[in-house]
Each structure stands twice: as structure tokens, then as C-alpha cells.
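A.B. asks: What follows is the residue order along each chain.
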Amino acid sequence: MKIIVCIKQVPAGEVKINPETGTLIREGVQSILNPFCEYALDEAIRIKKEQEERGGEEVEVIVLTMGPPQARSALLRCLELGADRAILLCDRKFAGADTLATSLALSEAIQKFEEDFTLIFTGKQAIDGDTAQVGPELAEHLGIPQITYVTSTNLIPERRRIQVERETENGYEIVECKLPALVSVSSGSNILRIPSFKEIINARRKVIKNVIADDLSKDTSRFGLSGSPTQVAKIFPPKSRTGGQKIESDDPEAAVSRLIEFLQENVFVDKE
Amino acid sequence: MDFIRTGYSPGVTFEKVRKIEGKENIESMFSSYTIDESKLKGYAEWLFFPKNEEEIVTVVQEMEKRGVPITISAARTGIVGGCVPFGGAILSLEKLNAILGLGFDEKTKQWYVRSQPGVSLKELNEKVIQKKFPELEEKQKELLDKFSQDEKTYWYPVDPTEKTAHLGGTVATNASGSLSYKYGATRKWVRKVRLVLANGEILDIPRGKYHASPEGTFTIQNTAGETKTFSIPYYRIGTNVKNAAGLFTEPSMDLIDLFIGSEGILGVITEVEVWITEKPENVIAVTTFFPTEMDAASFVNDIRLKDSSLKTEFLEYLCPDSLKLLRKKQISDPPLVNMPPIPKNVAAIIFEISYNEDSLPELYERLETIAIKNNSSMDQTWACYEDREIDRITAFRHLLPETVNAIIAERKQKNPTIHKLGTDMAVPIIPETNLAGILSFYREKLRESNLEHVIFGHIGDNHLHINILPKDEKELAKAKELYKVFAKKAVSLGGTVSAEHGIGKIKKEYFNIMFDEDKRRQIIEVKQALDPTGLFSIGNMVNI
Ligand SMILES: Cc1cc2nc3c(=O)[nH]c(=O)nc-3n(C[C@H](O)[C@H](O)[C@H](O)COP(=O)(O)OP(=O)(O)OC[C@H]3O[C@@H](n4cnc5c(N)ncnc54)[C@H](O)[C@@H]3O)c2cc1C
Chain B
73 MKIIVCIKQV PAGEVKINPE TGTLIREGVQ SILNPFCEYA LDEAIRIKKE QEERGGEEVE
133 VIVLTMGPPQ ARSALLRCLE LGADRAILLC DRKFAGADTL ATSLALSEAI QKFEEDFTLI
193 FTGKQAIDGD TAQVGPELAE HLGIPQITYV TSTNLIPERR RIQVERETEN GYEIVECKLP
253 ALVSVSSGSN ILRIPSFKEI INARRKVIKN VIADDLSKDT SRFGLSGSPT QVAKIFPPKS
313 RTGGQKIESD DPEAAVSRLI EFLQENVFVD KE
Chain H
8 MDFIRTGYSP GVTFEKVRKI EGKENIESMF SSYTIDESKL KGYAEWLFFP KNEEEIVTVV
68 QEMEKRGVPI TISAARTGIV GGCVPFGGAI LSLEKLNAIL GLGFDEKTKQ WYVRSQPGVS
128 LKELNEKVIQ KKFPELEEKQ KELLDKFSQD EKTYWYPVDP TEKTAHLGGT VATNASGSLS
188 YKYGATRKWV RKVRLVLANG EILDIPRGKY HASPEGTFTI QNTAGETKTF SIPYYRIGTN
248 VKNAAGLFTE PSMDLIDLFI GSEGILGVIT EVEVWITEKP ENVIAVTTFF PTEMDAASFV
308 NDIRLKDSSL KTEFLEYLCP DSLKLLRKKQ ISDPPLVNMP PIPKNVAAII FEISYNEDSL
368 PELYERLETI AIKNNSSMDQ TWACYEDREI DRITAFRHLL PETVNAIIAE RKQKNPTIHK
428 LGTDMAVPII PETNLAGILS FYREKLRESN LEHVIFGHIG DNHLHINILP KDEKELAKAK
488 ELYKVFAKKA VSLGGTVSAE HGIGKIKKEY FNIMFDEDKR RQIIEVKQAL DPTGLFSIGN
548 MVNI
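These protein sequence lines are chains B and H, in that order.
Just so you know, the first sequence maps onto residues 73 to 344 in our numbering.
Just so you know, the second sequence maps onto residues 8 to 551 in our numbering.
In isolation and in its complexed conformation, chain B is listed as follows (with noise of 0.2 Å):
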């Protein structure tokens, strides 16, 4: 059984944004895994040693980028994590792609190197654009059903289906669909895990495969800023919320008075 995680590279931090050109400062910032992308690679690998140890089918974790070359130090990372092979989709005729030309070529890549997947696991967002289409855009292409803000999943390989619990504006819902699928997971351990040194030494033993434009297709003008119909009217980083009110004190009663103070004033609790 295959399953393909989609992941993308963001900057480490805080986005900053050039207010010239409007386009995201890349130098100097370190570039990590976009967590939503770790939970996903968590829970592709979680399936995986479940299978194994429940000694049923062989389940590979394939993760799929496309990138500018440095986007391999993250596929690096997915390796060192448990993932089995890499592809990294790498041209020029790439640059500029919006979700649009984005999904479209992670789907053509599917299809022409991986089309007998079972599972399609992608981030719920990628922290630094913040859209969250690219995943549901590449169920289109593909002509899969999707599931969205994924939380926890249950693979039920005989029945060729997946449960899944997913986040709503006001709570859960449990969903379950026929596999293929593609799930976008916006939840994880909030301990990311760490390799060990061993991990980190196989993975480099690992493929990571080359895809450039012209492997996927003759008319790539459909890929990267071309294939491109997104117009940005405006880009900024969002405000990051302050870090509220702090009561700190030793005592715990003097700390719970003056908490029940402050939601007095405020008129959270009626004064007595």
C-alpha cells in the first residue's frame, strides 16, 4: 500500500514580508518542515507501523515536494522520520506556480509515477501563505474524494476505507470515505519528534528522485507562474495575537482574588 504526503518547506519564525515587491524575505531565515506537514508524515507513519506490527499489508510512505532545490533538506527530514523515498519536483518552469499550478503538478506527478496509491495525506495549511488549497485543489485534479482538518484517522484496509475525525467551527465530526482519499491533517503531537542518529545516517541512504517540467508533461506552460491565474491584491502577516494577561504571584489565594477581581471589573461574574 502506498501513501503519498505532500509536504512543503516554510521559513522557520515569523513571515516577513518585503513591502517593495510584497513577496515573503526568504534570506537569512532557516527553513524548516511546515508542521501541519510533520503532523501528516506522523500519522502516514503511524499507519505504517500499525500495519506492520498488526502484520498486515506493507504500507510505503512516499513524500512529494515541489520546490526550489534547498526544499530537499525538508524531504531529508521526512526520511529521517520513517518516510521511505522522496520525489522532489524541481524546475524553473515551476517558480511562481499558485495553488492552482501548485496541486496540478503534485497531481500529475501522482499519476504518472505513483498512480496506484492508496492514501494522500497533506497538511491542512502550510504556515507561511496560509491558504489550505493546494490539498483539496489535488483531490480535484485527481478525482478523489478529500477530507479536510483531519485530526485522527483509522485505516480500515479491509473494507478499503478510512475513518477520520475532523475538526468543524464547533466541534467534531466522524466521517468515513473509500479509499483513495486524500486527507488534510491539521492536528499532531505538539512534541515534534527528534531522529536518532541512526535515522539520520539511513535516510541519507534513502532516493530522493528529480522530477523536472518537461518529465510530466509537453505543455508545461500549464505549470508555475504560466499556469498561474491567481492575481495577489495584497499580502501581510497577520497581527500575532499578544499574549493576554499574565496573574502571577505565589500565593495561589492572592492570585485566584485578584482573578476573580479582574472578572468582576470586567463583568464576566456579577459582583456577589
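Calculated directly from the structure, the hints in this document are not laboratory data.
Heads up, a few of these hints could be off.
With a straight-line cut-off of 25 Å between C-alpha atoms, the simulated BS3-like cross-links for lysine-lysine are [to be verified]:
(1) K270/B with K380/H
(2) K270/B with K427/H
(3) K351/H with K121/B
(4) K88/B with K139/H
(5) K421/H with K478/H
(6) K88/B with K318/H
(7) K336/H with K318/B
Just a sample of chain B residues kept apart from chain H, beta carbon distances all over 12 Å, derived [stated by the list, open to error]:
(8) A84
(9) E129
(10) E187
(11) T225
(12) P229
(13) E241
(14) L251
(15) E271
(16) Q303
Note that beta-carbon positions come from the ideal geometry of N, C-alpha and C, so glycine has one too.
With the hints as your guide, set chain H with the ligand onto chain B.
C.D. replies: The following block gives chain H with the ligand in isolation, referenced to the frame of chain B:
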């Protein structure tokens, strides 16, 4: 040359210097200046904030005239009470916080930075690493360009954990830390020191210029033409042990070394030059687990003594009890610990080593061989190389002392007089048996005493911190006795009672184990030659 002349500084009018007068004013608004991280609390009648060297000269002359002793104060991160005054004046150097220049030594092809003492290590390193010195852009444009074009990344590789420490404070204490395993303590990086002496005159000491005479003396001439000859201490401290106790000395020593680590008793450091060096581009931090403490110790010896090509940046230790404490914390607050599950009944060595992609597999094989020999494996490790992950490991290491401090703070509520007891001893790394020897000794004594404790720290330098957590007065008394037993043992092995924190005001009892009366007299004689009236930092290191 063993002869040096002091320079003259005109000073300013005393009124010009920013000052707080009166014990009550200081206590009510500036009480943080009368305490440091040891929590020793003092008091003072004057608090000065000079802005430059001339103002320092004025304060020194005025206080000398009035017979008011001066305690020199930097960032107050010290943990031995060195900057804590007991009466007199506090001379805070926090306003002398400018980086003065960048330099390139054509002879050695090395970069260096000239700075006032009040610059924090954090600021210094940020600027060096990013190669950004806005303050120098006008006067050193060409050199700055040359520096930015240099492809290598540089840093000042002294890291006494507490990065808010000031450069001056770290020079005065010869600070060191985990990185000193590879890079040495502060001393090695100081290229020049400038000081104000007790007579208000200036000493400017570049490294390599002034050396003690064959008889072990220096002669200083003041601007009035009077000369004074004094002897450097003739006691000897082992050269292969990290040490922060006592004045430095060696035959034909460089005068600059007398002042580095002198804990403010000889003069006020007003300017320093420090070398900077290439920062390794890629490092990997590996946390390795061992079934026993002795396996961990043997792993350390194999790495540092058997394979000279394995140059780790540092080797740090967490004993089984340390990991147990952190595991308990992990269960109650996983995000705080922010690590994968901590294994049970093991000791850990955390080391960092630089690498390049091509040689990584070979490095791995060498480490794996050593690990297997010592009943461990690279399979059961946490290996980090991304910056954010290395930060996680650093935070994890620091969490241990923080956890210990939190436990003590809680116990203090019931027993206000108790405190933690943290040792700072180191023993020479050769003979090889020293490490296992001292560890077994600590173990045996700690077991006998039945006191709660953790052992952790700079194992690469045979410099382990034992933190004892007493529950009550009785245990505290017992811990203090044990501390002396450990100090005597370390000294008997040619080691030191303080490898990095210094002596200050609170470690003199242990200092006296290492430095008998005769050795202390040798220090006092230097002090009296340079500071005859006992103006500077009285109570540090020795009693006058
Ligand atoms: C959590 C923690 C961890 C620490 N870990 C380490 C460690 O690993 N290694 C280590 O070495 N230290 C460590 N320390 C101790 C401390 O950070 C160092 O001793 C540091 O060098 C002190 O710098 P400071 O600027 O705070 O100096 P202060 O504490 O203000 O002063 C230290 C001493 O230097 C003298 N002094 C200061 N400035 C001058 C000057 N310009 N001229 C003359 N004398 C001066 C003072 O009189 C005083 O005696 C740690 C401290 C903390 C709180």
C-alpha cells in the same frame, strides 16, 4: 618586558557623574544592585553609573579620598556574590555598553572586537554572527566591508549559560561554560585589557607585551615617576584543569592574565579586546543514553582521549537521578520538557560535534563503535542539527538546574533558611582514571549521606556540578560538610574547588581548602601592591 607605565586620565567633576546616594534610596529603588544570582543580599551607601572611563577615574579618586570602598558591578549574574557590596559604593558599569571597534590582526589573520565592559555576551555574539555593527559604520566602513565579505561565520565562543552576563564581568571572572571544552575559558580569548587602578591611573595591557621577570616580579611606574615592584604568586595550579579560583600565575606570566579572573579586586576593567573565531557551519547535538554512570564516563574518555580526530564542541552529563527528575516533570508537563519520552534507569551524555554532509556516515561509524563498546548505541539517541532543535536540547539541559531551583524555592516556603548546595569542582582529565574515580567517590559519599541530589554538567572537563537539595536545616548542615569532603578530594587530585563560578564572597570556605594561608598571603600581597588602601571589591576571594 616586566616594566609598565600607567597613563593619566583627567577625570571630570564629581557632580557630573550620575549617582544615587543613601542606603535607603538605593534600597527602595535600586535594591537589585545589592544582590546577584547567588541571592546573597548586601547594601551600599552610594551607587554610581559612570558613562565613560573619565567618570570612573573621578569616582575612584573621590572614593579613595573619602575612604569609601568600591564594589564593581556588571550584569549581576554571578553566583558567588562577587558584585554584592557590604557597605561603601557600587560602581555599575552598565552604561559603558558600546562596541568600540572591529580589528583584523594581519599577523595571525584573526578578527577581534574592541568593546566597553557593559556589552552583554548576547549582544556581542548577535552582532558578530550577523556581522552587523551599525555603530561602527561611519568610522570603520572599509574594515566592516571586508568582514561582511568574509564567507565564514564568526562568533565569540564563550558561553557561561547566562548570556546576559557582561563582557567585563566574564573577563573579571574568567567565565567558561560547556563550550570551553573545545574553546577554552575566557582567558584564551582576551587580547587586551584596559583598567583603572586604585590610584585613578590607567593600565593598558595588550597580550604578549608585558611578562614577569625571571624573579617573578612586575614593576609599575605611575605618572609621577614613582615605581613599585611586586611579586606574582608562586603557587602552582595544574594546567590541565579548568579553574576559576584564585589569581592566575605561572613563570614569566603575561601581566594581562593577572587581571583576567581577578574578581574585581585589582582594578576596574574599562575596555577589552577579544578574539572571535570561526563558528562551525554544521553541528549535530547527540543525546546518548547509557545503562550505567560508569559506561557514560568511559564513553567520555574514549571520545576525548582515544580518537583525537573526534573534536566535540562539548560533552555534558545528566546522571540517572537528573533524568528521573526531568521525567517526572515530563509526565506532569510534557510541553515544558518538549522532548521525546525520556528513557528509564539510564545516564545521558549530550555532545555536540561539527560535521559536513560528506563525512557524516564516517563520523557516525566512529561514534557508533565507541557507543557499542560502552553498552550504548547511536540507535537510541536524540540527534539534532536544525537550529530550532539544538535550541530544544539546550533548553532541556537548562531545565534541570531550573527544576532544582523550583523545588528548593518550594521547600524554602516551609524552611526559609535552606538553600541548594551546588558544587563547582573539577579534576584534571589526565590520568584517565580521574573521571570514574571522582564519580565513584561522589556516588559513595552521596549514598552514605542519603541526601537528595543530582549530578550533571561539563563532564568533558571533568567538571561535574553536584546539586544537593536539602529538605531541612539538618540536611543542609550535612550537605555543607559533604561539600567540604568533595572539595578536599578534588584538591587532592590536583583539581579545583571552583572551575567556573569563582570564589566571590560565598565560596571562601572552600577556597581556603585549596589555598592555604601562605597561598592566600601571596594573593594579598599582589592586592596590596596595586590597591594599598583596599578600595576594590573587598571581601572577594581573600580577606584583607
Ligand atoms: C543560570 C546561570 C548559569 C551560569 N552558568 C555559568 C557557567 O556555566 N560558567 C560560568 O563561568 N559562569 C556561570 N554563571 C555565572 C555568571 O554568569 C558568570 O560569573 C559571569 O561571568 C558574571 O558576569 P556578570 O556580568 O554578571 O558579572 P557580575 O556578577 O556583575 O560580577 C562578577 C564579578 O566580576 C567583577 N567585575 C564585574 N565587572 C568588572 C569590571 N569591569 N572590572 C573589574 N571587575 C569586574 C565583580 O566585582 C564581581 O566580582 C551562571 C550564572 C547563572 C545565573
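A.B. asks: Determine for every hint whether it applies to the structure shown.
C.D. replies: The hints, checked one at a time:
1. K270/B with K380/H: Status holds; Cα separation ~16 Å.
2. K270/B with K427/H: Not OK: K270/B and K427/H at ~39 Å, beyond 25 Å, violated.
3. K351/H with K121/B: 23 Å, holds
4. K88/B with K139/H: Holds, at about 19 Å.
5. K421/H with K478/H: Status holds; Cα separation ~9 Å.
6. K88/B with K318/H: Measuring from Cα to Cα gives roughly 37 Å; hence the hint is violated.
7. K336/H with K318/B: 22 Å, holds
8. A84: With a cut-off of 12 Å, A84/B comes too close to chain H, as the shortest Cβ separation is near 6 Å.
9. E129: Consistent with the label, E129/B stays out of reach of chain H, its closest Cβ about 26 Å off (over 12 Å).
10. E187: 33 Å, holds
11. T225: Check passes; 22 Å lies beyond 12 Å.
12. P229: 28 Å, holds
13. E241: 26 Å, holds
14. L251: 31 Å, holds
15. E271: 8 Å, violated
16. Q303: 34 Å, holds
Violated hints, listed in ascending order, are 2, 6, 8 and 15; each of the other numbered hints is respected by the structure.
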